[in-house]
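Chains A and B are the protein sequences, given in the same order.
Taking numbering that gives the first Met the number 0, the leading residue of the first sequence gets 0, the next gets one more, and so forth.
Taking numbering that gives the first Met the number 0, the leading residue of the second sequence gets 0, the next gets one more, and so forth.
In short, the hints are calculated from the structure, not lab data.
Each statement offered as a hint is correct.
Far from chain A by the CB rule (all over 10 Å, computed), these chain B residues:
| hint | residue |
| --- | --- |
| 1 | L16 |
| 2 | K65 |
| 3 | S72 |
| 4 | R75 |
| 5 | R84 |
| 6 | D87 |
| 7 | A89 |
| 8 | R123 |
| 9 | D143 |
| 10 | K149 |
| 11 | E154 |
| 12 | R157 |
| 13 | E158 |
| 14 | A161 |
| 15 | K178 |
| 16 | G188 |
To be clear about the criterion: a stretch of chain B counts as covered by chain A if any three or more of its residues have a C-beta under 8 Å from a C-beta of chain A, and this derived list gives those stretches:
| hint | segment |
| --- | --- |
| 17 | 32 to 42 |
| 18 | 192 to 204 |
| 19 | 208 to 218 |
Each residue gets a CB set at the ideal place from its N, CA and C atoms; glycine is no exception.
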Amino acid sequence: MSENVHAPDLSVNLAGVTLKNPVVAVSGTFGFGREYGEYYDIGRLGAVCVKGITLLPRGGNPPPRVAETPMGMLNSVGLQNPGIDAFLSDELPFLRRFDTAVIANISGNTPEEYARMAEKLGDMVDLIEVNISCPNVKAGGMLFGTDPALAAEVTRAAKRAAGRPVLVKLTPNVTDIAHIALAVKDAGADGISLINTLGGMRIDTETRRPILRMNTGGLSGPAVLPVAIRCVYQVRGLGLPVLGMGGVSTASDAVEMMLAGAHAVGIGSAMFADPYAPMKVLQGLGEFMASHHLTRISELTGGVLPWEA
Amino acid sequence: MSNKRLAKDVFDLRVALGSETRPGAPGSFYHIACGGERLLRRPISVCGAWDDVVRFVYAVRGEGTKWLSGVCSGARLDMLGPLGRGFDLADEPTLLVGGGIGVPPMVFCAERIDAPVHAILGFRDADAVILTGAFASFDLLTDDGSAGDKGYPHEKLRERLAGGEWKNVLACGPRPMLKAVAKVCAEFGVRCQVSMEERMACGVGACLVCACAVGGTYKRVCADGPVFNAEEVDWDV
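One chain only, chain A, in its complex shape (with noise of 0.2 Å):
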């Protein structure tokens, strides 16, 4: 077969998944996917990544759920979803219509939780993503990612019980983000997503009550994005695919994400200020290929060249 040399390669490998180009809809920001199919076809991105999914249906936390923040936002949803059996009759039927990837994010309140999910998944999703970095609920989320053995074990549970390759989603919000994610690929994950948002808080200044309901929530948009890019750079190391996220409003964002290390680059928060941001980023990315003369996208993922210490 022959195949026309000039044409670029958009394709990516993430965890042994080919996705057409590198560009994914992240979790949280993308409900299911309806709402943005109404704007493009949800086909051209490289894989979609659900709203996170628990066992049992979530309401999520009482409002206010937002804050604006210089460049950023905190939201404090909590997980709100319709649950895991809901998600698999309701929804992926729908998700799977289209030509991508489909990612599920998963959540529990404990190892066993995350284990029921994804053998009901099965091998009806193309990733899952093990979540333990959300930082709006009390038992599970982040208290998993920021303890390596419990991350660890988390990881196990998932493993055992998956049919497809598990990436685990972590929190920027440790000390040494390399450690965590040592551990988890050593309890076999097959790679990471990073970042999840960071803790944050705002107060109005009249009332003196924090307009989160929750008090504080989790930072998200362009005001994180040197620390993804900083986090994903610092487990470049770790020979693990990497989905990198945070911040990422543009191509050159994106590239600048993959130079760092990572393998496919999700696009969140910024969506809420251009709906056709996923789409914008994936045409601004054949054009950095083409002004760049690279054949393959995949040749920048980890392309950084670090100055000497």
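Using the hints provided, position chain B relative to the given structure of chain A.
Below, chain B without anything else, positioned relative to chain A:
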């Protein structure tokens, strides 16, 4: 477009849309980008629409709307819309209850109802009074009595409903006012729809930050609302 001051901190924005865009229905909103250094758009209710022009009357509440108030004629705005589920209008005698910056969507409702309409308009004080000229028949109230009668909209609503001729109540305003209006409507057994406000991010139903407790679950103000049946709203959550 034009962008004129209507009262202290209240502006009247009119935007010519591209011909492909439909201007929206009463109760719907546009999600307006308010300057490049702010990540989040601001949801602003439609006050009126004709041909390809959409009208918004908005209050300067914070940095985003302050930026919007400084936008000059001839500028281009980045707007997403129309969004949300608006009022279910019926051509029946309808009372419109507007509080402060909740009055603008009531103007649009009044225009679109082909039946007797009466407005009950409440404001903080005389300086905050806007848009009374848009209603053929209205009661004016202020919290301090500096314009119209001193009092609150739900009190006047109770008087009006006692007459018995009104079939529907539509309301938009601060949450405590809406809660009081809902209670009065329930007393009289009159159907009431309320337009809820909540801080938003995506505006299209994907991110779940603009939660409002309705019927025992959290609904999305942007996509399931902003208009809800008052009797279904869980006012104490």
